[in-house]
Amino acid sequence: MDRVLGGGQLGRMFAEAAARLNVAVRFLDAGDNTPAKQITSVPASVGGPQHVDGSFSDAEKIAELAKQVDVLTVEIEHVNADQLQAVLDQGLVRAVHPAPGTIKLIQDKYQQKVHLRQKGIPVVEFMAIENGDVDAAVQRYGLPLMLKSRTQAYDGKGNFVLQSREDIPAALEALGGGKRELYAEKWAPFAKEVAVMVVRSVDGQVRAYTAVETVHEDSICHRVYAPLRDAIPGLDERAREIAERAIATFEGAGIFGVELFMMQDGELLINEIAPRPHNSGHYTQEASETTQFENHLRAVVGLPLGSTALKVPAAAMLNILGLADLSKDPDAIAKTLAVARRSLSVPGTSIHLYGKSGCRPGRKMGHINVVGDSDAQVAERMQVLLDELAIAKESAKSGAPWDSDAAEARASASQPKSEHSGKDFSHPHPLVGVIMGSDSDLPTMLPAAQILKQFDVPFELTIVSAHRTPDRMKTYANDARARGLRVLIAGAGGAAHLPGMVAAQTPLPVIGVPVKGSTLDGVDSLHSIVQMPVCFAFLLTLAWCSCCDCCHQQQHECRPSRGAHAWYRNSCLFRQDAGVSGRDGPGRPCQGGTYSPRGLGVFCARQVAS
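Take the sequence shown: its position 555, counting from 1, is numbered 555 in our numbering, and each next residue is one higher.
In case anyone wonders, no lab produced these hints; they're calculated from the structure. All of these numbers come straight from a predicted model, not from anything done at the bench. Where a beta carbon is used, it is the ideal one built from N, C-alpha and C, also for glycine. Careful, some of the hints might be misleading.
[As the list claims (entries may be wrong)] DEER-style ranges, computed between Cβ atoms:
#1 353 with 463: 44 to 50 Å
#2 164 with 101: 38 to 44 Å
#3 30 with 165: 38 to 44 Å
#4 387 with 127: 43 to 49 Å
#5 412 with 204: 19 to 25 Å
#6 398 with 164: 41 to 47 Å
#7 479 with 215: 40 to 46 Å
[To be verified] No farther apart than 20 Å at their CA atoms in a straight line, the calculated lysine to any residue pairs in the SDA-like style are these:
#8 157 with 181
#9 186 with 272
#10 393 with 361
#11 157 with 220
#12 397 with 360
#13 119 with 244
#14 186 with 139
#15 328 with 401
#16 393 with 376
#17 157 with 218
#18 119 with 238
#19 157 with 176
#20 157 with 144
#21 356 with 16
#22 516 with 443
#23 67 with 83
#24 186 with 244
#25 328 with 361
#26 157 with 110
#27 192 with 251
Let the sequences and hints guide you as you build the complete structure.
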């Protein structure tokens with residue numbers, strides 16, 4: 001039997017995963033109606049271990065819990081780590097995961113960063129604040145800088161952005177009035193925030209989920225987008241590698257949330273680590289082969305780890321945060337949960353409500369996961385929810401009564417417009433992009449569009465010039481895969497550069513179409529296409545696979561100056577081996593050149609002019 005310290009929403013979702021595997025779970029938390037206890041009631045009449053009512057920092061309550069179970073784990077890191085070590089030393093439980101020493105180390109964010117730096121893991125520059133001497137940090141790092149409490153800090157609590165020396169007294173007062181130990185971090189002007197969930201088994205195996213982008217509001221994780229998309233090749237792999245290396249340095253098993261900053265130049269720095277399930281991993285419930293909660297359970301009880309691969313092309317998560325105080329606004333819950341009601345008419349959405357009583361601004365009341373066939377489709381579905389959220393926020397801000405009739409009308413509305421098969425020539429979620437340098441190429445390219453339409457293949461048709469609009473061309477090519485496109489058909493007109501220029505910016509297959517010119521009958525275009533100095537040919541099945549990531553990285557690394565013929569000699573068939581699906585890892589060479597049972601493969605070849 002597993003036992004959890006903390007019975008909030010993370011414990012609730014952990015219990016849901018445990019129920020599917022028939023693992024009994026008991027919780028230590030104050031009250032008998034906590035989110036986790038609501039769905040794991042244990043009638044006294046049946047006997048056996050019971051939930052424990054009390055604080056997860058209470059040594060006696062922890063010991064009481066330990067006497068009933070085999071394994072202890074946590075859903076929050078702010079527990080009594082010393083008592084966890086004590087019950088382990090006394091033999092009251094078989095194991096505590098993560099290890100009490102790991103929990104204690106991570107509890108102190110300063111020591112956490114010292115540990116990571118000593119292990120060679122990239123972190124933001126930091127220093128301890130001795131005797132309240134914040135001015136020393138200002139002299140070293142300049143302004144602005146981030147002041148943080150070493151302990152009891154989460155969701156922005158315990159942080160203070162110092163903008164000027166005059167703010168130092170206010171900062172010290174806000175961070176415990178001089179009673180807490182503090183440290184300072186150099187200001188990190190990041191381009192985006194990234195997160196990676198990593199699961200660690202009892203024998204030390206680490207396995208990362210895909211990297212995701214997180215969007216925070218008021219220092220709370222508000223939205224998550226998976227997988228991480230960026231024009232910098234290999235960013236997902238680097239984020240996962242850093243996260244795995246970091247978690248490998250700790251003891252004990254379980255799931256860990258690793259938060260990182262992506263700087264303007266693509267450098268990745270770890271911000272902080274949580275030794276438990278995390279908001280940034282909620283998307284795994286609908287988007288991954290194994291949820292973060294099930295993998296946490298598997299890890300702490302010694303079961304084989306599940307696949308961390310994505311099972312959908314794109315996903316997102318929207319946190320449902322309290323919008324008003326129920327003691328002041330009787331419609332606080334209705335306004336807060338309006339977005340959940342609206343999501344019922346949006347395809348690809350799943351609601352997870354936490355069963356919390358009461359409501360106050362910023363309180364985590366639930367979340368909504370959204371999945372789709374492309375980033376564009378997920379973004380469109382998310383926008384419907386964000387629009388509803390904006391209406392509810394405005395109502396909460398004004399204090400006006402909630403218009404339930406209008407909300408019901410919106411919630412009962414039809415699905416997003418582009419979810420239907422529209423009559424527009426270009427589909428809102430295309431799989432094929434038909435592009436050309438100018439409208440003079442349209443007579444040649446139009447039959448391709450007509451054939452695609454005849455066979456109900458979603459496509460878009462647009463003008464993208466390598467010469468007149470090079471920035472648009474680069475953006476179009478870089479974003480094509482993230483938007484859900486699978487192949488590009490590019491017309492090669494007089495200059496005949498478009499197919500090659502686009503192919504240099506995307507891992508997607510690009511089909512060049514010679515367009516008859518005014519003088520050379522299109523033969524010059526044909527020669528240009530087949531004699532490009534560096535090109536990749538991709539043979540893709542209809543299924544999407546991680547091999548495209550590998551090809552994207554190879555495409556970035558293989559330039560003429562890096563030994564052109566080497567890639568041609570080493571060209572091979574990539575596949576997804578059993579247990580390595582989706583984004584579980586980069587594509588690997590097939591042994592014997594055969595397809596995997598699922599037939600997901602990419603043939604990569606590079607042709608180099610002699």
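Status of the hints after comparison with the structure:
no. : hint                     : verdict
1   : 353 with 463: 44 to 50 Å : holds (47 Å)
2   : 164 with 101: 38 to 44 Å : holds (39 Å)
3   : 30 with 165: 38 to 44 Å  : holds (42 Å)
4   : 387 with 127: 43 to 49 Å : holds (44 Å)
5   : 412 with 204: 19 to 25 Å : violated (52 Å)
6   : 398 with 164: 41 to 47 Å : violated (34 Å)
7   : 479 with 215: 40 to 46 Å : violated (18 Å)
8   : 157 with 181             : holds (14 Å)
9   : 186 with 272             : holds (14 Å)
10  : 393 with 361             : holds (10 Å)
11  : 157 with 220             : holds (10 Å)
12  : 397 with 360             : holds (13 Å)
13  : 119 with 244             : holds (12 Å)
14  : 186 with 139             : holds (11 Å)
15  : 328 with 401             : holds (12 Å)
16  : 393 with 376             : violated (25 Å)
17  : 157 with 218             : holds (10 Å)
18  : 119 with 238             : holds (17 Å)
19  : 157 with 176             : holds (11 Å)
20  : 157 with 144             : holds (18 Å)
21  : 356 with 16              : holds (16 Å)
22  : 516 with 443             : holds (10 Å)
23  : 67 with 83               : holds (13 Å)
24  : 186 with 244             : violated (24 Å)
25  : 328 with 361             : holds (11 Å)
26  : 157 with 110             : holds (15 Å)
27  : 192 with 251             : violated (29 Å)
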